[in-house]
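K.L.:
One letter stands for each residue in the lines below.
Number of protein chains: 4
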Amino acid sequence: MMSMVDGRAMEAQFEAFRVQLDDSGAVRERLRTVVADLDNVIRMMQASLLPVHHATLQGKEVLDKAKSYIPSLQKIYSQLSEIIRERPGQYYRYHDHWRSQTHTVVFLLAFVHWLDTQGLLSHREVETLLNVKSEEFSIDIEDYLIGLCNVSNELPRYVVNRVTAGDYDCPRQVSAFLSDLFSAFRILNLRNDLLRKRFDGLKYDLKKVEEVLYDVKIRGLMSTQATANPMES
Amino acid sequence: MMSMVDGRAMEAQFEAFRVQLDDSGAVRERLRTVVADLDNVIRMMQASLLPVHHATLQGKEVLDKAKSYIPSLQKIYSQLSEIIRERPGQYYRYHDHWRSQTHTVVFLLAFVHWLDTQGLLSHREVETLLNVKSEEFSIDIEDYLIGLCNVSNELPRYVVNRVTAGDYDCPRQVSAFLSDLFSAFRILNLRNDLLRKRFDGLKYDLKKVEEVLYDVKIRGLMSTQATANPMES
Amino acid sequence: MMSMVDGRAMEAQFEAFRVQLDDSGAVRERLRTVVADLDNVIRMMQASLLPVHHATLQGKEVLDKAKSYIPSLQKIYSQLSEIIRERPGQYYRYHDHWRSQTHTVVFLLAFVHWLDTQGLLSHREVETLLNVKSEEFSIDIEDYLIGLCNVSNELPRYVVNRVTAGDYDCPRQVSAFLSDLFSAFRILNLRNDLLRKRFDGLKYDLKKVEEVLYDVKIRGLMSTQATANPMES
Amino acid sequence: MMSMVDGRAMEAQFEAFRVQLDDSGAVRERLRTVVADLDNVIRMMQASLLPVHHATLQGKEVLDKAKSYIPSLQKIYSQLSEIIRERPGQYYRYHDHWRSQTHTVVFLLAFVHWLDTQGLLSHREVETLLNVKSEEFSIDIEDYLIGLCNVSNELPRYVVNRVTAGDYDCPRQVSAFLSDLFSAFRILNLRNDLLRKRFDGLKYDLKKVEEVLYDVKIRGLMSTQATANPMES
Chain A
1 MMSMVDGRAM EAQFEAFRVQ LDDSGAVRER LRTVVADLDN VIRMMQASLL
51 PVHHATLQGK EVLDKAKSYI PSLQKIYSQL SEIIRERPGQ YYRYHDHWRS
101 QTHTVVFLLA FVHWLDTQGL LSHREVETLL NVKSEEFSID IEDYLIGLCN
151 VSNELPRYVV NRVTAGDYDC PRQVSAFLSD LFSAFRILNL RNDLLRKRFD
201 GLKYDLKKVE EVLYDVKIRG LMSTQATANP MES
Chain B
1 MMSMVDGRAM EAQFEAFRVQ LDDSGAVRER LRTVVADLDN VIRMMQASLL
51 PVHHATLQGK EVLDKAKSYI PSLQKIYSQL SEIIRERPGQ YYRYHDHWRS
101 QTHTVVFLLA FVHWLDTQGL LSHREVETLL NVKSEEFSID IEDYLIGLCN
151 VSNELPRYVV NRVTAGDYDC PRQVSAFLSD LFSAFRILNL RNDLLRKRFD
201 GLKYDLKKVE EVLYDVKIRG LMSTQATANP MES
Chain C
1 MMSMVDGRAM EAQFEAFRVQ LDDSGAVRER LRTVVADLDN VIRMMQASLL
51 PVHHATLQGK EVLDKAKSYI PSLQKIYSQL SEIIRERPGQ YYRYHDHWRS
101 QTHTVVFLLA FVHWLDTQGL LSHREVETLL NVKSEEFSID IEDYLIGLCN
151 VSNELPRYVV NRVTAGDYDC PRQVSAFLSD LFSAFRILNL RNDLLRKRFD
201 GLKYDLKKVE EVLYDVKIRG LMSTQATANP MES
Chain D
1 MMSMVDGRAM EAQFEAFRVQ LDDSGAVRER LRTVVADLDN VIRMMQASLL
51 PVHHATLQGK EVLDKAKSYI PSLQKIYSQL SEIIRERPGQ YYRYHDHWRS
101 QTHTVVFLLA FVHWLDTQGL LSHREVETLL NVKSEEFSID IEDYLIGLCN
151 VSNELPRYVV NRVTAGDYDC PRQVSAFLSD LFSAFRILNL RNDLLRKRFD
201 GLKYDLKKVE EVLYDVKIRG LMSTQATANP MES
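Protein chains in written order, with the UniProt record's numbering: chain A, 1 to 233; chain B, 1 to 233; chain C, 1 to 233; chain D, 1 to 233.
Check each hint, because a few of them may be wrong.
Identical chains blur together in the list; that is why a pair holds if it fits in one copy or across any two.
[Said to hold, decoys possible] List time: in silico BS3-like cross-link candidates among lysine-lysine, alpha-carbon distance up to 25 Å: (1) Lys208 - Lys197; (2) Lys65 - Lys203; (3) Lys207 - Lys217; (4) Lys75 - Lys197; (5) Lys208 - Lys65; (6) Lys207 - Lys197; (7) Lys65 - Lys75; (8) Lys133 - Lys75; (9) Lys207 - Lys60; (10) Lys133 - Lys60; (11) Lys65 - Lys197; (12) Lys203 - Lys67; (13) Lys207 - Lys65; (14) Lys133 - Lys67.
Since the hints were derived computationally from the structure, they do not count as laboratory data.
Taking the hints into account, I'd like the entire structure generated from these sequences.
P.N.:
Encoded structure:
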């Protein structure tokens, strides 16, 4: 039978655990509050991008509006960083709190960048835009890659809407971009997990865009300039 | 359309990702190999403890056999530590690989300790036995607590078998221990997760042991010496 | 474009495939017919064993009735063997057809054997009873082990019914048998599959039987002869 | 109760099972390692074929690059064969380990062959290319057929991209090939399983290609030479 001394030692130990579990609980509470703000900014930034599917003029205005949320994102990620920096080595302990939101943030930044430049926003550029690169807090590579898959998933709808709006060169641009992205993903040795599953969707996106490109081509709607320019073929 | 320069930059970036993902995959592969060894040692240590439920003599021999596996556990946890130490700050990234096995290891060590001393093996003592306490690799507190829940789950069966074997004082000892453990868990502010669920099981274990204690008492089977000694009540 | 020659070669190849697939389909059809007979015999043999849970006298008669189905089982397994022997190396191609039935057959044979002798029917004895041991057709070890798990699952109910019928020595016999069986399974390095899952159930069966043994002991119902005989302790 | 002799016999039997289960586990471990290599080669070979959808010139170069992986495939299949050859009659016991990868390998080889010759790669030719035909290790016919279904699934996308690139004769070639393939599958008496399900997809692929052919024809884009030559119709 346990002596009373043992009982007190047991209690003392659990009292120490309580402090640590409460501390960890407090971290999670702070993270939840910050991530709730993040959800808000994401929602508004997504809303600001809706017109790209329908505006006749692509509009620097629309992109400027979307980019105007970047400082808010920076502020929120700096709050996340600060919380995690106080707990060295525990980034992955709390990663789940901001993981899915980060997928969407990467999507938003990379989609805006693509609309702006038709190029790929690099992982380093995401970290620069969010101002997060440090020893203790960075953007996980797999989160970045899933964000890119989200961009891919958005593009077929975008292409369909652009063509409807009379922009017949869009399918060629998107098809080239997705084809490059698809090839790049092929470099990776993906294990059978979430990322692999998301990658499998890329092929479907590419195929869909190629079908739109086909429709445009077969009807002779593509600009002759585009097909004639050997630098772009 | 992406320029060729962009296409190459994309490829270079993904090539770098490939290296990092492959590196992380190699870590997981190494962890899996070590954890397979851990599974083996756990299995043998569990087998060595089976006689405690049936041996007429409790047997220092049985406990010595069980303890003889501790050096093997130390070796395996030192291998885990070594792999993780090479990746500062990524303990929780790979934690899932050894989590469930660690629950069982804590159970085995704490059960052996209880059989030996009727006392609780502390978190610090678990780390000392496994020789793991360091900045980079320690036993997560929640894993330790779940291991204790496993001890609790084992005790009703143990009590039933001890009484069957004629050891009528065992229920009182176990009931006192579980009652203390239950009180100690009550100190914690458990969230609605695995640990809370496991804690809910403790109450059932305690109730079951108390029923055995009742059966023994009501039939006048408990030793009068034991009930008469106020120091042990 | 394919030439006509190619079209004909394609057709010739598929014609050959048709023959092979039809042949394999015919094998499956024959197996299905034989396994339907097996289902019938299993059902009758199971029915013949129902009285063991309730008969006051265990009854050589009941066991003899159950054993009377063994020749039918032999006949059916010899038909299975014959079909598979015609297809060297394809035992595991068609294994699924008789797998689950074989679990039950092993259960029935091993349960009858236990009722008869309180001992374990070995894998070799199963093959001898079914008259199947050959190069091309044998009883898969995992199927045998799952059959034993089924025996374990049956024993708690059996013990409860025997005690109800006034046989107070039964729990001790069964507890000893299950405890040995549980220890024996611990020797195996089970992977995380069906067999491992079934093994996890053994512990529950053992615990249940131990509780019945406890009930009998605490009420002083066990025969003193049994507890006094050191050869059986 | 079991005698001690029985307990020891039980243990001896399970010790023998342990050896056999461990041996089978070791086989699976070796297969997993080899199949991980296979995944890598498949990934690279798939990447090498991506340009066929977009290159203006079909490019012997692209096909040569793809074919350059065949020796690696041969090496890996010879390793699989070697492992299985040590276990006569157990090909189908372990078949699941390489089944899905073999579907993709057949797809890759047959697609390259079609790009090269517009003809169908036969089952025998697959085995010759992989250098596997032996008593103990061959390519399962159903795996070959599923690989062909994968070729069919790839062709609509290929046709769409070829037409977009201005190759208006491609739809007719592909339509003829798929039509022959569809007829050939019709010869088979498919059961209600994976293969039947995949075959159902063929019809959709053929329909899609025929629609492209229609689009091209209705717009007068097909070369008159092609339609005029009766040898190719």
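K.L.:
Which of the numbered hints above does this structure break?
P.N.:
Violated hints (numbers, rising): 4, 5, 10, 11; every other hint is consistent with the structure.
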